[in-house]
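**Q** Residue numbers (this note's numbering), protein chains in the order written: chain A, 22 to 506; chain B, 22 to 506.
Everything labelled a hint here was simulated from the structure, so no lab data went into it. Hints should not be assumed to be uniformly reliable.
[Said to hold, decoys possible] Partial list, computed: chain B residues near chain A (C-beta under 7 Å):
| hint | residue |
| --- | --- |
| 1 | 128 |
| 2 | 177 |
| 3 | 213 |
| 4 | 227 |
| 5 | 248 |
| 6 | 349 |
| 7 | 380 |
Each residue gets a CB set at the ideal place from its N, CA and C atoms; glycine is no exception.
2 protein chains.
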Amino acid sequence: MFLELDELGPRYLQLARALKQAILDGRCAATTRLPATRVLARELALSRNTVLAAYEQLAAEGFIEGRVGSGCYVAAFAATKVVRATAQPSRTPRTRKAALARRGRRALELFDQSIHGRQHRGLRYNLQYGLPMTNPQLASAWRRELNHAAAHAEMDYPDPQGLIALRHQVCDYLARRRGIVAAPEDVLIVSGTQQAFALAADVLLDEGDRVLLEDPHYRGARQVFQTQGAHVFGCRVDGDGLVTAALPRGKATRLAVVTPSHQFPTGAVLSLPRRMHLLDWAQRSGCWLIEDDYDGEFRYDARPLAALKSLDRADCVIYIGTFSKVLFPSLRLGYMVLPPGLRQAFVAAKWLTDRGCPAIEQAALARLIASGAFERHLRQAAKNLKTRRAALLTALKRHAGDAVEVADSSAGMHILAWLPRMSHAQSQRMVERARSRGLGLYLVAPYCLKPLPRPGLLLGYADLPPADLQAAMRVFGECLREVER
Amino acid sequence: MFLELDELGPRYLQLARALKQAILDGRCAATTRLPATRVLARELALSRNTVLAAYEQLAAEGFIEGRVGSGCYVAAFAATKVVRATAQPSRTPRTRKAALARRGRRALELFDQSIHGRQHRGLRYNLQYGLPMTNPQLASAWRRELNHAAAHAEMDYPDPQGLIALRHQVCDYLARRRGIVAAPEDVLIVSGTQQAFALAADVLLDEGDRVLLEDPHYRGARQVFQTQGAHVFGCRVDGDGLVTAALPRGKATRLAVVTPSHQFPTGAVLSLPRRMHLLDWAQRSGCWLIEDDYDGEFRYDARPLAALKSLDRADCVIYIGTFSKVLFPSLRLGYMVLPPGLRQAFVAAKWLTDRGCPAIEQAALARLIASGAFERHLRQAAKNLKTRRAALLTALKRHAGDAVEVADSSAGMHILAWLPRMSHAQSQRMVERARSRGLGLYLVAPYCLKPLPRPGLLLGYADLPPADLQAAMRVFGECLREVER
Numbered sequence: 022m023f024l025e026l027d028e029l030g031p032r033y034l035q036l037a038r039a040l041k042q043a044i045l046d047g048r049c050a051a052t053t054r055l056p057a058t059r060v061l062a063r064e065l066a067l068s069r070n071t072v073l074a075a076y077e078q079l080a081a082e083g084f085i086e087g088r089v090g091s092g093c094y095v096a097a098f099a100a101t102k103v104v105r106a107t108a109q110p111s112r113t114p115r116t117r118k119a120a121l122a123r124r125g126r127r128a129l130e131l132f133d134q135s136i137h138g139r140q141h142r143g144l145r146y147n148l149q150y151g152l153p154m155t156n157p158q159l160a161s162a163w164r165r166e167l168n169h170a171a172a173h174a175e176m177d178y179p180d181p182q183g184l185i186a187l188r189h190q191v192c193d194y195l196a197r198r199r200g201i202v203a204a205p206e207d208v209l210i211v212s213g214t215q216q217a218f219a220l221a222a223d224v225l226l227d228e229g230d231r232v233l234l235e236d237p238h239y240r241g242a243r244q245v246f247q248t249q250g251a252h253v254f255g256c257r258v259d260g261d262g263l264v265t266a267a268l269p270r271g272k273a274t275r276l277a278v279v280t281p282s283h284q285f286p287t288g289a290v291l292s293l294p295r296r297m298h299l300l301d302w303a304q305r306s307g308c309w310l311i312e313d314d315y316d317g318e319f320r321y322d323a324r325p326l327a328a329l330k331s332l333d334r335a336d337c338v339i340y341i342g343t344f345s346k347v348l349f350p351s352l353r354l355g356y357m358v359l360p361p362g363l364r365q366a367f368v369a370a371k372w373l374t375d376r377g378c379p380a381i382e383q384a385a386l387a388r389l390i391a392s393g394a395f396e397r398h399l400r401q402a403a404k405n406l407k408t409r410r411a412a413l414l415t416a417l418k419r420h421a422g423d424a425v426e427v428a429d430s431s432a433g434m435h436i437l438a439w440l441p442r443m444s445h446a447q448s449q450r451m452v453e454r455a456r457s458r459g460l461g462l463y464l465v466a467p468y469c470l471k472p473l474p475r476p477g478l479l480l481g482y483a484d485l486p487p488a489d490l491q492a493a494m495r496v497f498g499e500c501l502r503e504v505e506r
Numbered sequence: 022m023f024l025e026l027d028e029l030g031p032r033y034l035q036l037a038r039a040l041k042q043a044i045l046d047g048r049c050a051a052t053t054r055l056p057a058t059r060v061l062a063r064e065l066a067l068s069r070n071t072v073l074a075a076y077e078q079l080a081a082e083g084f085i086e087g088r089v090g091s092g093c094y095v096a097a098f099a100a101t102k103v104v105r106a107t108a109q110p111s112r113t114p115r116t117r118k119a120a121l122a123r124r125g126r127r128a129l130e131l132f133d134q135s136i137h138g139r140q141h142r143g144l145r146y147n148l149q150y151g152l153p154m155t156n157p158q159l160a161s162a163w164r165r166e167l168n169h170a171a172a173h174a175e176m177d178y179p180d181p182q183g184l185i186a187l188r189h190q191v192c193d194y195l196a197r198r199r200g201i202v203a204a205p206e207d208v209l210i211v212s213g214t215q216q217a218f219a220l221a222a223d224v225l226l227d228e229g230d231r232v233l234l235e236d237p238h239y240r241g242a243r244q245v246f247q248t249q250g251a252h253v254f255g256c257r258v259d260g261d262g263l264v265t266a267a268l269p270r271g272k273a274t275r276l277a278v279v280t281p282s283h284q285f286p287t288g289a290v291l292s293l294p295r296r297m298h299l300l301d302w303a304q305r306s307g308c309w310l311i312e313d314d315y316d317g318e319f320r321y322d323a324r325p326l327a328a329l330k331s332l333d334r335a336d337c338v339i340y341i342g343t344f345s346k347v348l349f350p351s352l353r354l355g356y357m358v359l360p361p362g363l364r365q366a367f368v369a370a371k372w373l374t375d376r377g378c379p380a381i382e383q384a385a386l387a388r389l390i391a392s393g394a395f396e397r398h399l400r401q402a403a404k405n406l407k408t409r410r411a412a413l414l415t416a417l418k419r420h421a422g423d424a425v426e427v428a429d430s431s432a433g434m435h436i437l438a439w440l441p442r443m444s445h446a447q448s449q450r451m452v453e454r455a456r457s458r459g460l461g462l463y464l465v466a467p468y469c470l471k472p473l474p475r476p477g478l479l480l481g482y483a484d485l486p487p488a489d490l491q492a493a494m495r496v497f498g499e500c501l502r503e504v505e506r
């Protein structure tokens, strides 16, 4: 009898598995007698005890019958099925795409499109947006709090709404830094911004509902709403942020996602009259607003502006903040501040989705904020980001001159560099050329619904010290000239 | 001017907030002049610098115009809207239930029903299913690994499919203990069993699709499928697990959730002929199977039986395992083993849902498994659970006699105790009476789709040492007699 052992785990289980395969394949037909343990042991150069243990395992699972050691037979349970199973090509992937639901098919398509370009191994300078800034002091503070939390945190199921201590800290923080007055019962702890969008889709969107996004916008939001079957459409932005005069009239918009503090990716700040107009429009049209305050913490030039949520008198704003961006992306913690009318439904959706976020990391984060280390990091990070941004802008000016136009911004972890003299095809070539020279550049086009009149690049600078940014911009300038030639 | 400061954060921001409220309320009308800083400072007993800073903040945000210190006016931006906003009852919760999507409404209803009965504070003996067993050795091993992982883990976005090191460990573990041969690319790390069900709903279910559950069954699965609009129906179970002869013919079933190792909550083990029959049925009818192996680790009497997944020759079984139950629920980590045809779609859904699980805890868990501490804990836990189960059964027999029938089981963290002499109303009274005496009992009824012929109780024993279980059963017996009288 031909038996191939897979070398995984104990010998007797390997053998049991191989015999089971033979039975299921029909190679050991039902009701036939198995080889005597001695015989098989010799044949396979195994100890007899191993074979005995394998036979016992098979007997316990019902695959064989009889007395182990004195005559075992393959059980008669499934003679016909076994043959059918063998007729199947057993190990070829069934891609039964038709067997996926609509949401499954959409998720697959969006993922296939997006996962390209995340391959940034081997790049010397990667200007990808969203890479975190390394801060050794923060990292050691985090380790300390995590260690403490692991020793003291609850082991039972967490509160699906989030640890009360963390929700308290979020409220205090929001009052101090973002002008938002919220109580812990308004706050829901989530696994980052992406989950906040996914929960909003769950709670607020039926198939075909209309969702407004700024154009350009954060792609993750669009992808989750499209997957859920929403009809996503864009509204343009200019130097003052979302052009509220262009908001749709008449047609019911169910949900709009906005980035008032720092439009993503253009960096524009939504002016106060437009904020008031937007709130008024949302209230009149019964539209929920999501304020994605993804990097409102990092303003360098002015005091932080109060959030849209702090102006919301009609309880139509859902505020989203994240700790992943300001601490590190692998943390996966963020929060939502919810209007009273939505609180319970979002908590329910979170509870159904995953029962709540891990307790230890929540407890550690609550302590990190309470200790002051979190805001110390924010101040330090803002200072560093300002220096890096200045270095990037100076070097960009020097090496690219007026081939590049930079949208003005005084916040965040990236700039948007337009390439007014280039075609889209040229900009694509520029990205490829840069990549071949170890420089990771990223086009803004994937963040848009409508085609842009001119190409642009999103330059993330949080991850690179000034000297690297200068070197990166030298390569940038060279690539630019090669493509323009 | 009446201004109430909210005592949150710096004084100047408190004042700025109060002024903003007054402007938005219409108490400070558009274009009117604000009080001079000196005057307001005296009036509110604040320093003039605080008032100056508040005015500067308001000017920066566009609420007031003019030169701070020499005459400021409320901006003219929104005179009309302000009045409308005031007319609204601003702080009363808008429950706009109609503004929720269907899934949001369903989630809310299910949550409202379920959250009762989770109030177990103040109970002396809580026999709730799912409470973890405390293990100080494990806790300190976990702290050690967490500490190490925090110092070494990636800070960047995690792999949405899960840390490769953890997926490797899961594969080795599954081969050793569950007879499943899987490669790391077949494994998806998720935030616990609940998320696995939620992702399955996302990827596999359209509104109205038919989902088969064992009846009785794990409620969390039913709730997530019902929220997603699936048509959930039950199939009965007996002492050999799911009655496969009762599987539906003809009508297309999209998905079936089964617990072959240890039927939840009856504890029955699905016999091998039924396993083969179930697989054959699933293959013929194009139905996906979810094998929820929620506590397959904890078998005391025999070697662990191979999982259904290990018999799956047609790639229609999705295997779900959890670390929350065997380690501690606040961890929120589990895994799925996916057929090749579903792999990419589930990874995509996970990526859209939350971008992936936190990296540090994944890294710590990978090391915990690799170190052997995880399986040491499993062995230790199984031994303790066996002792506790025996103590519970003996005490139950002694104090309740034949008023209780226990379904036979040799695994898990709970038993199912039927009350053949009681009506459902009596069993409800028994639960209430027990609660008033500090004993937490839980009916099996919420885990069923069809009404049960007789009431039953789910008795979780993982969390209580034998002496407590004995004391709990004494109270149990007393309550029983009081109710039966």
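**Q** Next, verify each hint and record whether it holds.
**A** Status of the hints after comparison with the structure:
{"no.": "1", "hint": "128", "verdict": "holds, 4 Å"}
{"no.": "2", "hint": "177", "verdict": "holds, 6 Å"}
{"no.": "3", "hint": "213", "verdict": "holds, 6 Å"}
{"no.": "4", "hint": "227", "verdict": "holds, 5 Å"}
{"no.": "5", "hint": "248", "verdict": "holds, 6 Å"}
{"no.": "6", "hint": "349", "verdict": "holds, 4 Å"}
{"no.": "7", "hint": "380", "verdict": "holds, 4 Å"}
Every hint from the earlier list agrees with this structure, and none is contradicted.
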